[in-house]
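Construct all of the structure, not just a fragment, from the sequences and the given hints.
Same order as they appear, the protein sequences are chains H and A.
Just so you know, our numbering puts the end of the first sequence at 400, numbered straight through with nothing missing.
Just so you know, our numbering puts the end of the second sequence at 121, numbered straight through with nothing missing.
Because the hints were derived from the structure by calculation, they are not lab data.
In this text the structure is predicted, and so the values were computed from the model without any measurement.
Take the hints with a grain of salt, since some may be wrong.
To be verified - In the DSBU-like style, the derived pairs of lysine-lysine whose C-alpha atoms are separated by at most 35 angstroms in a straight line are:
1. Lys-62(A) / Lys-302(H)
2. Lys-81(A) / Lys-319(H)
3. Lys-73(A) / Lys-292(H)
4. Lys-108(A) / Lys-335(H)
5. Lys-335(H) / Lys-53(A)
6. Lys-302(H) / Lys-99(A)
7. Lys-350(H) / Lys-81(A)
8. Lys-73(A) / Lys-350(H)
9. Lys-324(H) / Lys-99(A)
10. Lys-335(H) / Lys-62(A)
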Amino acid sequence: DTAVSQTPKYLVTQMGNDKSIKCEQNLGHDTMYWYKQDSKKFLKIMFSYNNKELIINETVPNRFSPKSPDKAHLNLHINSLELGDSAVYFCASSPIGGGLGKTTEAFFGQGTRLTVV
Amino acid sequence: AQSVAQPEDQVNVAEGNPLTVKCTYSVSGNPYLFWYVQYPNRGLQFLLKYITGDNLVKGSYGFEAEFNKSQTSFHLKKPSALVSDSALYFCAVRKSGGGGATNKLIFGTGTLLAVQP
Chain H
284 DTAVSQTPKY LVTQMGNDKS IKCEQNLGHD TMYWYKQDSK KFLKIMFSYN NKELIINETV
344 PNRFSPKSPD KAHLNLHINS LELGDSAVYF CASSPIGGGL GKTTEAFFGQ GTRLTVV
Chain A
5 AQSVAQPEDQ VNVAEGNPLT VKCTYSVSGN PYLFWYVQYP NRGLQFLLKY ITGDNLVKGS
65 YGFEAEFNKS QTSFHLKKPS ALVSDSALYF CAVRKSGGGG ATNKLIFGTG TLLAVQP
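This is the structure:
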């Protein structure tokens with residue numbers, strides 16, 4: 284009963300390939316995110332979806348295309364992979380809004396370590 | 005725009021001593037503030053949060069944090085460090101309430117906590 288699960292955990296691929304990372308949450312949250320953690324461990328938000336609708340796109344190259352078939356899933360497809368795409372990608376989910384006594388924090392998956400060679 | 009600063013890349017402390025990991029933030033309006041911990045090759049785990057109310061919040065594993073509005077700070081503290089506390093700690097901020105882009109969770113650059121036996 285993992286709250287936020289990502290697959291695969293590791294992904295090694297050649298430059299120029301297209302790959303997808305899948306994410307699913309069973310928390311009933313309305314909002315899902317993709318974050319990228321680079322080699323210096325910096326965490327940068329890439330995308331956020333509310334109820335399948337894109338609400339945040341942080342100037343990510345259009346080779347990255349998120350897709351949310353329903354509010355429990357947010358997949359990340361990457362075209363024409365480049366060496367600089369090597370990183371750990373984290374999926375997360377959180378409820379909308381929040382307040383005292385309510386859940387406001389985001390829950391993270393275990394990450395997908397993408398290595399482009 | 006929201007931002008978080010963690011001024012220390014690394015904090016070293018002897019086991020049994022108190023520890024502090026610093027965080028300052030910038031956000032328009034009222035903030036929701038969070039601390040997360042990341043163990044090697046793992047995802048982010050939620051530690052604690054400040055939403056409103058008492059400025060001192062307690063979280064998992066004996067950690068606590070103090071919200072200081074005038075100094076826009078949210079420092080993480082623990083009275084007595086354990087070797088097992090050694091990990092990467094992230095402070096994060098988002099705007100209070102609402103949905104949409106206000107749900108954007110922005111992270112600091114992380115602070116590596118090293119607890120020596």
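Now for the hints, and whether the structure bears them out:
1. Under the criterion of a C-alpha separation no larger than 35 angstroms, the hint pairing Lys-62(A) with Lys-302(H) is inconsistent with the structure, at around 41 angstroms.
2. Proposed proximity of Lys-81(A) and Lys-319(H) is supported: the alpha carbons are some 27 angstroms apart, at most 35 angstroms.
3. Only pairs whose Cα atoms come within 35 angstroms are accepted, and Lys-73(A) paired with Lys-292(H) is rejected, the gap being roughly 39 angstroms.
4. Taken as a hint, the Lys-108(A) and Lys-335(H) pair is honoured in the structure, with Cα atoms around 16 angstroms apart against an allowance of 35 angstroms.
5. For a cut-off of 35 angstroms, the pair hint linking Lys-335(H) to Lys-53(A) stands: about 27 angstroms separates their Cα positions.
6. Restraint check for Lys-302(H) and Lys-99(A): satisfied, since their Cα atoms lie roughly 33 angstroms apart, inside the 35 angstroms limit.
7. Among the hinted pairs, Lys-350(H) with Lys-81(A) is inconsistent with the structure: their alpha-carbon atoms are about 39 angstroms apart, more than 35 angstroms.
8. Restraint check for Lys-73(A) and Lys-350(H): not satisfied, since their Cα atoms lie roughly 38 angstroms apart, outside the 35 angstroms limit.
9. Between Lys-324(H) and Lys-99(A), the direct Cα distance comes to roughly 23 angstroms. Compliance with the 35 angstroms bound is thereby established for this hinted pair.
10. Note on Lys-335(H) and Lys-62(A): the hinted pairing holds, with a Cα-Cα distance of about 34 angstroms set against a maximum of 35 angstroms.
In summary, the structure is inconsistent with hints 1, 3, 7, 8 from the numbered list given earlier, while agreeing with the others.
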